[in-house]
Amino acid sequence: MKKKLNIILLTSMFFLMGCGDDFLDKSPIIGDTSENFYQSEEDARAAVNAAYASLQYELTPAGHFRWFWGDVMSDDSQKGGSGDNDAFGLLLLETFQGQANDEHIASEWTASFEGIYRANVVLENIPNIDMDETIKSQVLGEARFIRSYFFFNLVTMFGDVPKADHVLAPSEYSMPRSPASEIWDIIIDDLTQAIDVLPLRSELSSNEIGRITKGAARGLLTKAYLWNRNYLMAEQTANDIIISGEYMLADDYASIFTTAGENGPGSVFEVQYMNASGGNWGYNAQNEGTFTNVFQRARGQFNGYGFNLPTQDLVDEFFAENPNVEDPRLSATLFRVGDEMGDRGVFTKEATGGFPHDYYPKKYFDNQSETAPFGDPNPNGGSNDRVIRYADVLLMHAEAAYHNNNEGPARTSLNLVRERARGGNASILPDVTASGQALLDAIYHERRVELAMEGHRFFDLVRTGRAATVLGPLGYQDGVHNLFPIPESQILVTNGAITQNPGY
Amino acid sequence: MRYVVLMCLLLTSTYLFSQDRTVTGMVTSSEDGQGIIGATVSVKDNPNQGTATDEEGYFSLTVSSNNDILVFSYVGMTTQEIEVGNQTEINLVMSPEASLINEIVVIGYGTEKRSKVNAAVSVITSDEITQTPVLRVEQALQGRSAGVTVTQNSGSPGSTLSVRIRGAGSLSASDPLYVVDGIPVEGLDFLNANDIESISILKDAAASAIYGSRGANGVVLITTKSGDFEKEGEITYDGYYGIQSPWKKMNLLNAREYAIIQNEAFINAGQIPRPEFQNPDVLGVGTDWQDAIFENAPISSHNIRMSGGGKKSNFTVSGGYFQQDGIVGGEKARFNRYTARLNADFKVKDWLTVGTNVGFTNLQRSAIPENNEFATPLVRALNIDPTTPVYKADGTYAYSRYADTDIANPVNQIDLTYDTWTSNRVVGSIFGKFDFTKDISLRSTYSVDATFATQDIFLPRFNLSNDPDLRDAPAHEIRDVNVVILNNNTWTANQFENVLSYNKTFNDVHKLSVDLGNTVLSRTYRGSGGSNTNLPSNDPEDAFISNTIDPLESQGAFEVGEEETLLSYFGRVNYGYDGKYILTAIMRTDGSSKFGPDNRFGYFPSFSFGWLASEENWDLGIVTFLKLRTGWGRNGNDRIPNYGYYTVVNSGQNYSFGNNETITNGSVPLTIANPELQWETIEQFNVGVDMELWNGKVTVTSDYFIKNTKDMLYNPPIPATVGAAAPFRNVASMRNNGIELAVTYRDKIGDFSYDIGGNITKISNEVTALGSGAEPATAGNVTFHGGNVTYTDVGLPLGSFFGYVTDGIFQNGEEVAAHAFQAAATAPGDIRFKDLNDDGVIDQNDRTVIGNPNPDFSYAFTTNFKYKDFDLNIFFQGVSGNDIYNASVRYDLAFSNRPNSILDRWTGEGTSNSEPRVSLSDPNFNSRASDRFVEDGSYLRLKNIQLGYTLPESVMQRMKIKNLRFYVSSNNLFTFTKYSGFDPEIGAYGGVLAAGIDRGFYPQARSFIGGLQLTF
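Going down the list, the protein sequences come from chains E and Z. In case it helps, this note's numbering puts the first sequence at residues 1 to 504. In case it helps, this note's numbering puts the second sequence at residues 505 to 1520.
The following block holds chain E by itself, in its conformation from the complex:
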């Protein structure tokens, strides 16, 4: 009996000993851990692609529509939606009663820092990889652009922000805000370095279209210099783009915003979106499409959400030069009652679900035939976000040149834009010959109509110091509304290490 007991006990002990220490060591079956990643060129590409992906994020809890801030906050458009309560926080913001606990503000902040983190991961891990040095420096340049792009978003929206220029250690989580000037220093430094290593657009192969180029970095740098009123550098940087010969204005203004017009001759920087299955409403999802299309389409028969509604004031701007002549860019910018909304039918108020709105945005309109043929089409809009166009570069060049007292080159750039807009119709949009303030006003007018509904207006007004005049009647106050409130959640979670902007 005793022997039997021993045998059995020994047998069971044997089974137990089969489980060594590694029995409890289980690393992921599918996927990598940081210990075995960042080792090859492929890993480097994947790392920077993840930073690119953050450019695409929209909606809450982390994401951004440039048109929320650039258009809706301005006199160009109103929030829209199913009613006041549809994204109510945006209504408060656009009427300059914005609240620090607004989810859209928090989403912008979060998405921007997520992009910065991903760029920082690239900048810290990729230099150690043994790989082709040219590709490595290109990847690092792309990461620097993406980091500066998000810092640019942050500094123009919030002013002073935490200078998260590296992957934060736990002890740094509650990093306070640094002065905006230090943030601008990072932006300018990153972009300057990126310009050195990034390829020209013409150097990209056809399957690399969409990657960040020297021109994109120069475009963003021009904008950064303009914000800092460094007009000399702004003009010079814009001029670098012009003389590079890499870009030209597309002949047909309206074609820019079609699917065929994506990454066109005047495309300096576009966020790439496509119809892709798998898109969903979650953040960080495998989402290659955009919500902009569905958000900006009319409701009712057009099956959109009816956001970003152009104002009468914007429409009037297209008649500002001559009340009897319509700037042809208007019909490429928005829909009016009676217009064909692509293949989705004629715009009548009845067809839009009975809403009283007179105008709907057109630049990010997609046809029924272009919607994702699978899954939920709502997050799967295919329209690229045209962030920096050559026309924008030319107008920035004109603006900088004007301030540098180079009115001739300023008028040349301005008139290039007008010439294209004319579309061969010599009777309209004559060349600007003005000088002094009239020239500057002409440049401002041109920016508004050329870039209408592309997310520029509010920031242009703030940057050029015109916001109080133009938006004051809507409630805007300088010193408060030139910046957005710091998300309250971030103040709480850092126990006040992050402080609020004045006036909120």
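Listed next, the in silico DSBU-like pairs over lysine-lysine satisfying Cα-Cα at most 35 angstroms (straight line):
| # | chain 1 | residue 1 | chain 2 | residue 2 |
| --- | --- | --- | --- | --- |
| 1 | Z | 896 | E | 349 |
| 2 | Z | 1466 | Z | 729 |
| 3 | E | 26 | Z | 1214 |
| 4 | E | 26 | Z | 937 |
| 5 | Z | 1482 | Z | 1266 |
Calculated from the model, a selection of chain E residues having no Cβ within reach of chain Z, i.e. all distances over 12 angstroms:
| # | residue |
| --- | --- |
| 6 | 184 |
| 7 | 248 |
| 8 | 255 |
| 9 | 319 |
| 10 | 322 |
| 11 | 324 |
| 12 | 326 |
| 13 | 408 |
| 14 | 436 |
| 15 | 440 |
| 16 | 502 |
Hints were generated in silico from the structure; no laboratory data involved. It should be emphasised that the depicted structure is a prediction, and the values quoted were computed from it without experimental measurement. In this text, a Cβ means the ideal position worked out from N, Cα and C, and glycines have one as well.
With the hints as your guide, set chain Z onto chain E.
Just chain Z, lined up with the frame of chain E:
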């Protein structure tokens, strides 16, 4: 060992030399003093040596020795043992069986007599389990045990339930551990309730500590029916058929009323009403969309079981079939299940018993979209306008001209839903039990739980346009491209377990039992799937991934996988002194792959003490049994995702490049790693009493507990500056404390016997910490009410409702002007919200706690009556004091239908102080999250009433059957509640932190059932 053998020999030898003699006596009942007819009297060590009492209760039996022990037994009476000694006449009074103290309780790695259990353990019997027709065994737990709260997460057949043992013990996962025949399993939809012998619920850490890191939320031990040795073969059939129907409809506007309200909304907005609504009276009542989606649905169950046993083996073989259709969706919400089971034991040698428990399940569950406020048939039926017909004149489905994107024709939606989950699952074990001596045994068990499941989804093309070419239907009533999706999942768990047991009584008074064991558990999940679009055929029968026109452009594929391992050692020492004092100590240590090398092992002890006061030499009067017990124990909760301590580089963060828009992989760690990740720890203190009065006529069990969750996993937000998601950290804590009381009264008057029982539970839940600097957790997003509506903060119960406080309706412009600023367009007739911080502006800072989804009390009571061949069982269950957040009406959609309470709307000064004016755009945001949507969720439900008739013994004998019973029963016959929605029993569909939100809840059905049970 040698001495033991010698002792045995000596004992045997005494028998050889003993003298046979006769003992006589009378057996009477304590209830009426009359003799008991047919009571069995036998010699304990020789069951063949026995007799039965005669018509007057007398017996006469030959015994061989003074050492012989006589066993007196009779159905319904407590079995008693008397040592013969030198007596020649033994008169005995038998008492009714006091089930509470004598029932055998499964306690985890063993069984114990109820009277010897120190911890809070509830037992549910097979009769209780099958009294109501249950699809999932979790349903059978509802109302049966104090301290156990069960709520349906949905009424659709096969949906999950929230089971909370002594409250939610965690912010993440609060479901108990389910162990079926020793095999830990996830989800009980595979199990046939008819196969279950009993369920034990270990509520208290003093008992559940033996399950260590997995027992924090309590343990439900399920034992399936097995055969008995030396028992004649038996065949049992058990089946029923029933019809389920909805028991409640919501009161919505009819077409005429809808038009009136719409007209008023347009006028209030300064717009011209729709011409077609000019004369509301001609519209009549219009479409009742609730009638259109609800239907009567069948439920049926058939089970057959054969069991028996010889000297060396026993077995049970059973097969079952269950089918339930949904009252919404019918066969589109059908649950279908086949089960087969074999339980068998074989005595291979006198020292070795081997056996097997194997169950196979094939189930198929079809599901319609449910429980969200956007695009489910139920929400659509509540919100689509009543002026739209279900069908066009040509018999095809109609579309609404008014409803918005989310609100399409719900009947068409149901028709077009093809979503089926098919699962094949084997849960089984083989074991060997080695009896080394009569005191020491080893049980080794190898078990497998393997599930192979497939989900098939097909989204067909459709177009509800009157003229498909004109595409006049809104876009959400047209789908141009069909989609097929297929997902395959495999879960496997392998467990090897050894338990060494030692039982010995020393000097008659020291009773010692020791169990030592270890478990090795490994679980793996693999999943893969694919999808494709644009299939040439729109027939669901042809919906295969490979069957497409453009395979390369539109196909999707994915693969996922995970594995986890657990290595455990455990021990239990139970010491009893003189049948009066019982001390139990448990220690378990678990090592889990979910945690980093430094935090891999956790230690989980418990101690408990019981005192059988009624065994002392005191006269307790009517109290015939009294036991006081107390215990303390520690458990862990490891229900967190795998790999939490690793920095996982997540792929799929893709971007598209190139003229051909090629999707290119991107990878980044999305979540910060937490190398310090640890278990959640629950420490529980329990004090309880078990009592019987009048020999079991009344039984009382009551417990008080304090359950503290420490190191609770929570991901307190980290600053967004970090750029990645916050890891789960062991930072939060929570306390549940509560009182449980269960009372039963049973009696018999002639042929009439009855029992009445009830249980009541009061649990208070409070979050005591969320980690330093952590924000309160909000959850339960109701988009069109402005965001999250639940709020979990220190000092509050889990998931409290959070929002604005209403303060009547603005009756006139002066009132609007006098009140804090709400919105620019606030007008008379809008809701006045309280300015809680008195800053003159109504904003998010004026929100507060407006409700609690956790009940003050949950309770149940049952009564069972038996008169001759008839039996009647009644089972009520209810909760009291909880709130429900009703989010089922789309107030954000101007043209959707409304509850008819809107007919009492404000139309001018003094007309209403509760129902706001109607408007198209709701400029005051009257539909913001507020106490307007918080309703009392208390209910009392007649869960089941059942009337049965059993054929008289004489008839059955003639028919050569053992038992034949017919019954009719009804479930959910009545529900008493003030709640206005479909069903007040709303679980935690959105997780622990978002319980009690009604997003168009799929209601439970009322059913009428007829069944029969036959044994021969």
